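Residue numbers (this note's numbering), protein chains in the order written: chain A, 124 to 234; chain B, 39 to 153.
It should be emphasised that the hints constitute simulated quantities derived from the structure, not laboratory data.
Take the hints with a grain of salt, since some may be wrong.
Not close to chain B: a few residues of chain A, all C-beta gaps over 10 Å, as computed [stated by the list, open to error]:
{"hint": "1", "residue": "Glu179"}
{"hint": "2", "residue": "Leu222"}
{"hint": "3", "residue": "Pro234"}
In silico lysine-lysine, DSS-like type, Cα no more than 27 Å apart, as pairs [said to hold, decoys possible]:
{"hint": "4", "chain 1": "B", "residue 1": "Lys47", "chain 2": "B", "residue 2": "Lys109"}
{"hint": "5", "chain 1": "A", "residue 1": "Lys128", "chain 2": "B", "residue 2": "Lys74"}
{"hint": "6", "chain 1": "A", "residue 1": "Lys165", "chain 2": "B", "residue 2": "Lys82"}
Please read these numbers as outputs of a predicted model, since none were measured by experiment.
Built from N, CA and C at the ideal position, the CB exists for glycine as well.
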Amino acid sequence: QQQVKQSPQSLIVQKGGISIINCAYENTAFDYFPWYQQFPGKGPALLIAIRPDVSEKKEGRFTISFNKSAKQFSLHIMDSQPGDSATYFCAASMAADKLIFGTGTRLQVFP
Amino acid sequence: DTAVSQTPKYLVTQMGNDKSIKCEQNLGHDTMYWYKQDSKKFLKIMFSYNNKELIINETVPNRFSPKSPDKAHLNLHINSLELGDSAVYFCASSQASGRAGNEQFFGPGTRLTVL
């Protein structure tokens, strides 16, 4: 019940295309859903986050779509760029602040 | 200015040794964390401290002992290192505990290799 399932494991996208990464969770007590971006040799950095009272949140080229009834959320990267090539992690937490991470998606954007 | 810093960045040691990793944050945050990232990139929380008090202790072998001398520092001491301890260890901090939605800022990581 504490798991967050993430797919795909890896993703290859052409420059300018849309990258979509999906996550699913079981625990309905989760109330915070962030996405983290990690470049090789660096720590994860918060990209965008959403709460379950909102179905969509957009920040620049990055959008989270949230489906509370299906217990799923996804990250959409519009106009993907080579600089977006990184590993992306979805996560979920309750009020205790413990982040439960998904298994990660390695995104490669080719020019 | 570095927000969350860790030392050392790389640590190579023999099985059975004892080693420490240090973490410092200059963000004025109340809560600090240790995460372990394994070879498959899976990130899992190990410990969390709020104002020097342990608040999260996942199922981690008691060979791992966190120590927080003050709220800006959280060190991780590992006794009797084993091959399976090889991983990247990340320190993180956030504004406060008990409230979901506080962004966690991660350090650059310490890559531990046990031979």
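| query | For which of the previously enumerated hints does the structure constitute a violation, in increasing order of number? | reply | 2
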